[in-house]
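*Asks:* Listed below are the residues making up each chain.
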Amino acid sequence: MKQKHLIEIAGALLLARWKQTLIAAIGVTFSIALFVTLLGFMEGLNNLLDGMVLNRTPHIRLYNDTQPSQNQPIDLSDEYKDHHNFISSIKPTNTRKEIYNAQKIIQKLNNDNRVVGVSAKLSAQVFYNYGNTDINGIINGLEVNKESKLFAFEEYLAKGNYQDLENIPNSIILGQGVAELINAQIDDLINITTSEGQQFSLKVVGFYQTGMAQIDKVQSYASLKTTRRIKGVSNNYVGDIQIKLKNLDKAPLTAIEYEKFFNLNAEDLQTANAQFETGSSVRSIISYAVGIALLIVSGFGIYNILNMLIYEKMDTIAILKATGYNSSDVKKIFISISLSIGLSGALFGVLLGYLLSNIVDTIPFDAPSVPNVTTYPIDYGVQYYSIAIIFAIIMTFLAGWLPAQKASKVDPVVIIRGK
Amino acid sequence: MAKKKVLEARAINKSFFDPVRVDVLKDISFDLNYGEYTSVIGRSGCGKSTLLYILSTMDTDFSGELLIDGITTKNKSEQELAAIRNEKIGFVFQFHYLLNEFSAIKNVMLPGYRLNKKSEEELEHKAYEALKALGIEKLAKKMANKLSGGEKQRVAIARALINDPHIIMCDEPTGNLDSKNADRVFNIFKELTEVYNKTLLVVTHDLEFANKTGRIIELEDGRIIRM
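Chain order of the listed sequences is A and B.
The numbers in our numbering rise by one with no breaks, and the one at position 55 of the first sequence is 1123.
The numbers in our numbering rise by one with no breaks, and the one at position 202 of the second sequence is 185.
Don't read these hints as lab results, they were simulated from the structure.
On a predicted model such as this, the values are computed, not experimentally measured, just so you know.
All residues carry an ideal CB built from backbone N, CA and C; glycine is no exception.
Careful: at least some of the hints might be erroneous.
What the hints assert, rightly or not - Derived, one-sided and incomplete: chain A residues facing chain B with beta-carbon distance under 7 angstroms:
id, residue
1, T1125
2, R1129
3, Y1393
Said to hold, decoys possible - Short, incomplete list of chain B residues facing chain A, as computed with Cβ under 10 angstroms:
id, residue
4, L64
5, N69
6, F78
7, K89
8, Y96
9, N170
Work out the full structure, taking the sequences as your base and the hints as a guide.
*Replies:* Spelled out as structure tokens, the structure:
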């Protein structure tokens, strides 16, 4: 028996009830379209929200933490070697927070083929002077070009040009919140006081907006050079080394490796921002659940229509069986009807879904926290389309299975006798 | 030339158990030889249709043994029985039973598709020849539901012939045909047995029709009373 002929028979049966089959296919089309749109929209939103934090966060951050020594004097004593000791409230000694030999470490990291890029950072505690008031703040000294390339620095720039940080000496990009607090405009000169009591004048060249008021009210950004000058440290002083990896998922393991190798503290992104991952996966699960529910509903539609078709076509089934078609042929015929409804529905569904996504993509979305986003975010990931098609095929196969089973069990004698 | 048996029924018994036991067929045994034109007659309810369904291998719920072309149908799977029906038995029903979704010629070709021994072109040619032999080649492309009763019956006969079966079984083939069409069907069958050496088994209660056939098997209350 050639498949072609079974499909020909299936096609003829399908056309005999083309209105119902069309409705079933439209059901699949709509559920696939909504599935694709919903997931694309949800993931787009997820990416946007996660991106607000994750894009800007280094995958691994190397730093020198101030910690009390692991080896306390009592551990070295021969007399108490076999004893347990409890020491409470251990304090660290005054160690330097600088990363020793930072240039060599950066060079080594740049040669590591798992690493996309490395940028050095230095933070300084300052006060922004606003008349007689001092406002707490932090200035982050950055390698501006690398920071922009690796951690999307310029994407969150509300105003100004990030390269001015390098080109204009003693310049600063203020957090949007800070700028409002001290009433600063671009090209203004502002005064800051360092924690050591030194005063500096800095020129405002831009505003930065993360969307999180807590951060924007405190953080400002300057070049590494300017920050070193503010802190009064040498020209190779580095506080943090920020690493971007090729594969984000490998960050926790790589962090452990670097921690041992460089004898520094290393913090990976997953540990630092666990809550964001959780949030996005829950949102994804919800949208998958809704999408799959839609598909199941359309599956019941197919099931109904096939059942009706079988009752109507009992004679046809009986005659096919009487002339030598066996039950697996009959099953194949009805499953191909179901699958062709599913497949055509799914194909039109992804097309419609793509169109709907495009429409949603043009709806204005004015989010003050993300200055470079003007419309609703959509993720056009091919995975949603393929999941939708695969799931539609599986579902229509299952929806067709039971009716096909029923059709294959039709006893031709009963039908022919019944006339 | 020794006559070769195409169908042997040995001690076939069948009972319905719903709601009480009713023995429909009792100890039916007979042989059919190649080229025989046989009719089965009997009053309504005497079990002749039931017998036909058993002989056609569609009904397997009976005791006794059925051999088709020397091969027993006992313990055969549904698939094997379907293959036997497809290859060795042609069927003509009382109510024509064409597939309305297909044209006349496609209807004729359908069992051939299942057998899958000939190419599509050969099959179409053969179907066309069969229709031509029955004088309805002009209707080949017409949809089945646009045909008249007599035309449908002839298409059904062409369909029964497509796989060159050994035996053709008919259930009341003239049951709802006028006498002119009934005569035509009779003559077609006669030609099949005489010219093509086909075996025909016709269930009918048209005595006039039965009397013209070569052999009559008469059933009464589930037993053969004449053969």
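*Asks:* Against each hint, give a clear statement of whether it holds in the structure.
*Replies:* Hint-by-hint comparison with the structure:
no. : hint  : in the structure
1   : T1125 : violated, 63 angstroms
2   : R1129 : violated, 68 angstroms
3   : Y1393 : holds, 6 angstroms
4   : L64   : holds, 8 angstroms
5   : N69   : holds, 2 angstroms
6   : F78   : holds, 5 angstroms
7   : K89   : holds, 8 angstroms
8   : Y96   : holds, 4 angstroms
9   : N170  : violated, 24 angstroms
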